[in-house]
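Colleague: Sequence order for the protein chains is A and B. Numbering follows the working numbering, with no gaps: position 172 of the first sequence is 231. Numbering follows the working numbering, with no gaps: position 71 of the second sequence is 130.
These aren't lab readings, by the way, just hints derived from the structure by calculation. Here the structure is a predicted model, which is why all the values come from computation and not from measurement. For every residue, glycine included, the Cβ atom is placed at its ideal position computed from N, Cα and C. Check each hint, because a few of them may be wrong.
Once the Cα atoms are required to be at most 30 Å apart in a straight line, the calculated DSS-like pairs of lysine-lysine come out as [said to hold, decoys possible]:
| id | chain 1 | residue 1 | chain 2 | residue 2 |
| --- | --- | --- | --- | --- |
| 1 | B | 427 | A | 157 |
| 2 | A | 339 | B | 303 |
| 3 | A | 68 | B | 344 |
| 4 | B | 346 | A | 68 |
If you want the footprint, here are the derived chain A segments under chain B, 3+ residues with CB under 8 Å [what the hints assert, rightly or not]:
| id | segment |
| --- | --- |
| 5 | 292-303 |
| 6 | 389-396 |
| 7 | 410-418 |
| 8 | 467-474 |
There are 2 protein chains.
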Amino acid sequence: MRQSHLFTKTRREAPKDEVAKNAELLIRAGYIHKEMAGVYSYLPLGLRTLNKIIGIIREEMDAIGGQEVHLTALQDRKAWEATHRWGDDVVDNWFKTKLKNGQDVGLAFTHEEPLTQLMRDHLRSFRDLPVSVYQFQTKFRNEERAKSGIIRGREFLMKDMYSFDADERAHQEFYEKVKGAYARIFERVGLGDATFLTFASGGSFSRYSHEFQTITDAGEDTIYVDKIKKIAVNKEVLTDEVLKDVGIVRSDLAEKKAVEVGNIFSLGTRFSEALGLNYKDAEGKSKPVIMGSYGIGPGRVMGTIAEIRSDDKGLVWPESVAPFAVHLIALYDESGRVKQTADEAYAALRRKGIEVLYDDRDVSAGEKFSDADLIGIPMRYVLSARTIGQASIESKDRRTGEAGMLPISRIASSL
Amino acid sequence: MRQSHLFTKTRREAPKDEVAKNAELLIRAGYIHKEMAGVYSYLPLGLRTLNKIIGIIREEMDAIGGQEVHLTALQDRKAWEATHRWGDDVVDNWFKTKLKNGQDVGLAFTHEEPLTQLMRDHLRSFRDLPVSVYQFQTKFRNEERAKSGIIRGREFLMKDMYSFDADERAHQEFYEKVKGAYARIFERVGLGDATFLTFASGGSFSRYSHEFQTITDAGEDTIYVDKIKKIAVNKEVLTDEVLKDVGIVRSDLAEKKAVEVGNIFSLGTRFSEALGLNYKDAEGKSKPVIMGSYGIGPGRVMGTIAEIRSDDKGLVWPESVAPFAVHLIALYDESGRVKQTADEAYAALRRKGIEVLYDDRDVSAGEKFSDADLIGIPMRYVLSARTIGQASIESKDRRTGEAGMLPISRIASSL
Numbered sequence: 060m061r062q063s064h065l066f067t068k069t070r071r072e073a074p075k076d077e078v079a080k081n082a083e084l085l086i087r088a089g090y091i092h093k094e095m096a097g098v099y100s101y102l103p104l105g106l107r108t109l110n111k112i113i114g115i116i117r118e119e120m121d122a123i124g125g126q127e128v129h130l131t132a133l134q135d136r137k138a139w140e141a142t143h144r145w146g147d148d149v150v151d152n153w154f155k156t157k158l159k160n161g162q163d164v165g166l167a168f169t170h171e172e173p174l175t176q177l178m179r180d181h182l183r184s185f186r187d188l189p190v191s192v193y194q195f196q197t198k199f200r201n202e203e204r205a206k207s208g209i210i211r212g213r214e215f216l217m218k219d220m221y222s223f224d225a226d227e228r229a230h231q232e233f234y235e236k237v238k239g240a241y242a243r244i245f246e247r248v249g250l251g252d253a254t255f256l257t258f259a260s261g262g263s264f265s266r267y268s269h270e271f272q273t274i275t276d277a278g279e280d281t282i283y284v285d286k287i288k289k290i291a292v293n294k295e296v297l298t299d300e301v302l303k304d305v306g307i308v309r310s311d312l313a314e315k316k317a318v319e320v321g322n323i324f325s326l327g328t329r330f331s332e333a334l335g336l337n338y339k340d341a342e343g344k345s346k347p348v349i350m351g352s353y354g355i356g357p358g359r360v361m362g363t364i365a366e367i368r369s370d371d372k373g374l375v376w377p378e379s380v381a382p383f384a385v386h387l388i389a390l391y392d393e394s395g396r397v398k399q400t401a402d403e404a405y406a407a408l409r410r411k412g413i414e415v416l417y418d419d420r421d422v423s424a425g426e427k428f429s430d431a432d433l434i435g436i437p438m439r440y441v442l443s444a445r446t447i448g449q450a451s452i453e454s455k456d457r458r459t460g461e462a463g464m465l466p467i468s469r470i471a472s473s474l
Numbered sequence: 060m061r062q063s064h065l066f067t068k069t070r071r072e073a074p075k076d077e078v079a080k081n082a083e084l085l086i087r088a089g090y091i092h093k094e095m096a097g098v099y100s101y102l103p104l105g106l107r108t109l110n111k112i113i114g115i116i117r118e119e120m121d122a123i124g125g126q127e128v129h130l131t132a133l134q135d136r137k138a139w140e141a142t143h144r145w146g147d148d149v150v151d152n153w154f155k156t157k158l159k160n161g162q163d164v165g166l167a168f169t170h171e172e173p174l175t176q177l178m179r180d181h182l183r184s185f186r187d188l189p190v191s192v193y194q195f196q197t198k199f200r201n202e203e204r205a206k207s208g209i210i211r212g213r214e215f216l217m218k219d220m221y222s223f224d225a226d227e228r229a230h231q232e233f234y235e236k237v238k239g240a241y242a243r244i245f246e247r248v249g250l251g252d253a254t255f256l257t258f259a260s261g262g263s264f265s266r267y268s269h270e271f272q273t274i275t276d277a278g279e280d281t282i283y284v285d286k287i288k289k290i291a292v293n294k295e296v297l298t299d300e301v302l303k304d305v306g307i308v309r310s311d312l313a314e315k316k317a318v319e320v321g322n323i324f325s326l327g328t329r330f331s332e333a334l335g336l337n338y339k340d341a342e343g344k345s346k347p348v349i350m351g352s353y354g355i356g357p358g359r360v361m362g363t364i365a366e367i368r369s370d371d372k373g374l375v376w377p378e379s380v381a382p383f384a385v386h387l388i389a390l391y392d393e394s395g396r397v398k399q400t401a402d403e404a405y406a407a408l409r410r411k412g413i414e415v416l417y418d419d420r421d422v423s424a425g426e427k428f429s430d431a432d433l434i435g436i437p438m439r440y441v442l443s444a445r446t447i448g449q450a451s452i453e454s455k456d457r458r459t460g461e462a463g464m465l466p467i468s469r470i471a472s473s474l
């Protein structure tokens with residue numbers, strides 16, 4: 060994409076009321092726009108990165124057999140009354156509104172209820188199980204405070220997967236598959252090193268749930284990490300009994316702030332019993348379906364990457380989620396030779412299928428470089444009268460700062 | 060995809076309260092699920108078709124230089140007060156809710172206001188223009204009645220594009236480009252023959268707006284069509300003066316019911332003046348930006364296709380939007396030979412990158428055929444002991460009913 064065509068501008072300052080580093084950087088770089096506290100729109104660069112994260116999550120959900128659906132935000136109160144989650148005293152972050160006829164509707168903060176209800180039309184026998192279903196859907200949560208940028212919003216995209224199994228053994232098997240898929244996702248988006256499988260409180264149906272917690276001071280959770288064993292325990296369940304059960308010792312643990320980038324949870328028959336989602340087993344006996352839920356917020360993942368992969372100059376995206384692979388910067392000379400060579404290089408890179416942001420703007424070299432640092436595309440290629448004199452292009456790695464010269468003829472094949 | 064894995068089941072009857080043919084067919088075939096009147100979830104088959112439609116629209120929006128963004132549903136009342144659209148007396152289909160602190164927020168039924176406001180951060184000079192921005196975003200409209208299935212919903216996906224130009228001439232140029240792009244979209248999704256560019260009422264800034272109206276009895280609009288000239292006039296502007304202006308004569312017109320599948324609208328400076336979106340011209344003078352808006356509802360398009368491309372057996376998708384290109388049906392024999400051959404054919408088709416729904420279920424031939432008719436995939440391939448005896452597969456075109464035999468060895472290359 061030509062940067063002269065990109066409508067967003069970088070800016071020196073984020074809005075005064077913005078307190079989260081991730082949102083501050085992403086707003087300044089033109090990735091997102093703040094509509095109100097906890098409500099952010101995605102601009103072209105931001106949407107590209109968000110879609111890369113979504114793409115990685117989708118691949119991993121498909122790989123374990125997930126079927127993609129898209130449920131609605133508007134939800135009838137009835138299903139939520141059946142599970143006792145309609146009341147504002149039980150769920151304190153509902154957004155509710157009304158139809159013209161006065162009927163109450165809620166803006167779904169999660170989708171266990173509607174999906175369980177929906178599945179009654181499709182699951183009947185043990186032969187229809189196992190099933191796992193996922194979606195990328197906007198959730199609405201009426202947070203009292205929303206000060207974490209896109210890490211915790213009032214409106215945000217969520218990948219939520221739900222599993223349906225005939226028995227506990229099958230459920231556990233799938234649960235372990237999701238653990239693996241989630242570990243691969245965080246690895247692929249560049250959060251692997253900082254992310255720990257964390258034991259957290261379970262529910263009526265399992266002793267623990269599992270969180271994937273990424274260490275950063277921007278986090279709202281406190282976890283205790285065993286770096287050698289690569290596991291952690293959430294503060295909420297830190298007892299001697301749990302440590303013994305999990306097989307770690309207190310002296311090996313470091314206290315860390317962390318962001319919960321993913322969670323997996325056994326639901327047992329809580330929703331299937333309340334909403335009547337049953338199946339017939341091989342003997343024709345009706346039994347409630349065993350369920351699990353598995354969440355990742357792609358926007359939260361993006362915000363967490365912005366927190367931990369950035370420096371004082373701006374964002375530093377991993378290749379897998381960068382809006383473009385290459386930032387091609389032309390420092391025009393009066394002869395027009397640089398422009399011509401840069402146009403050719405841009406065309407050559409695109410022919411190779413490489414995603415390029417081409418800074419063809421008529422602004423100073425200083426502005427181009429500082430914008431490039433802020434936007435944080437992993438590889439920068441600079442063409443100027445000087446580099447062209449050497450039939451070369453200057454390359455610079457945004458993360459390591461490593462620079463070098465590359466023959467122009469080899470640009471496209473170098474990546 | 061193996062049909063034994065697909066969790067949705069077809070059904071004989073739609074819910075009793077469903078009155079729209081499109082929703083009735085789509086529910087029975089397992090494409091969508093009704094949450095409440097005017098609120099439908101998309102199941103795997105439905106989401107695949109919706110995504111095909113979205114993909115076609117996106118390609119055409121990108122081709123005319125559109126930049127994709129994603130704005131939020133939750134919107135602060137302030138921007139809407141500035142344009143006098145917050146009041147329920149002015150806009151009668153608002154859904155509104157409140158933050159915990161009591162602040163009113165609206166669920167956007169359109170996005171002129173937030174986008175105009177957002178653009179103030181990015182557009183400054185005539186050099187920044189023209190710009191066109193689009194999104195696929197969920198709209199919420201509190202319709203009194205919602206009886207048209209996914210053609211008119213209370214919650215629905217909308218592709219809305221907005222253009223920003225320095226002057227009227229540049230605006231008109233882009234407006235004409237969108238007309239072309241829209242015509243290509245409706246052609247590509249299989250609605251070309253039935254869809255007419257229709258003159259409708261304009262606003263303060265232009266005499267007409269333009270609608271793309273698809274003729275079907277399911278439509279809520281009445282239009283007058285000149286089939287030879289391939290244009291129409293909406294009933295709301297049918298006067299002798301307009302007919303003369305448009306260059307058609309009353310006697311050539313046929314009255315038709317139609318669905319408005321797209322609309323394009325000149326907004327002039329209505330929003331830029333109210334919200335202060337100005338640019339500096341070449342002389343440094345501040346001027347309001349000229350805007351236009353351009354909408355297509357992908358779900359409405361899908362519903363309209365379901366209305367006009369279906370028969371008494373079910374849906375009949377055009378290839379471009381079908382959830383799969385081929386429905387491979389195996390009628391198993393006891394020897395296991397059909398199963399083996401069908402598995403191989405499935406693998407061969409997939410290697411070629413062909414999207415196949417493979418009916419590997421253990422149900423009767425009759426059930427497989429009637430499900431296939433209902434689901435409406437364009438090409439059906441049937442393998443049975445009989446066809447295998449002739450080293451062949453039976454092909455059948457869902458639309459024309461044309462059938463034939465094809466050597467098994469040539470399956471993958473035949474498409």
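Colleague: Hints the structure violates: just list their numbers, smallest first.
Modeller: 1, 2, 5, 6, 7, 8
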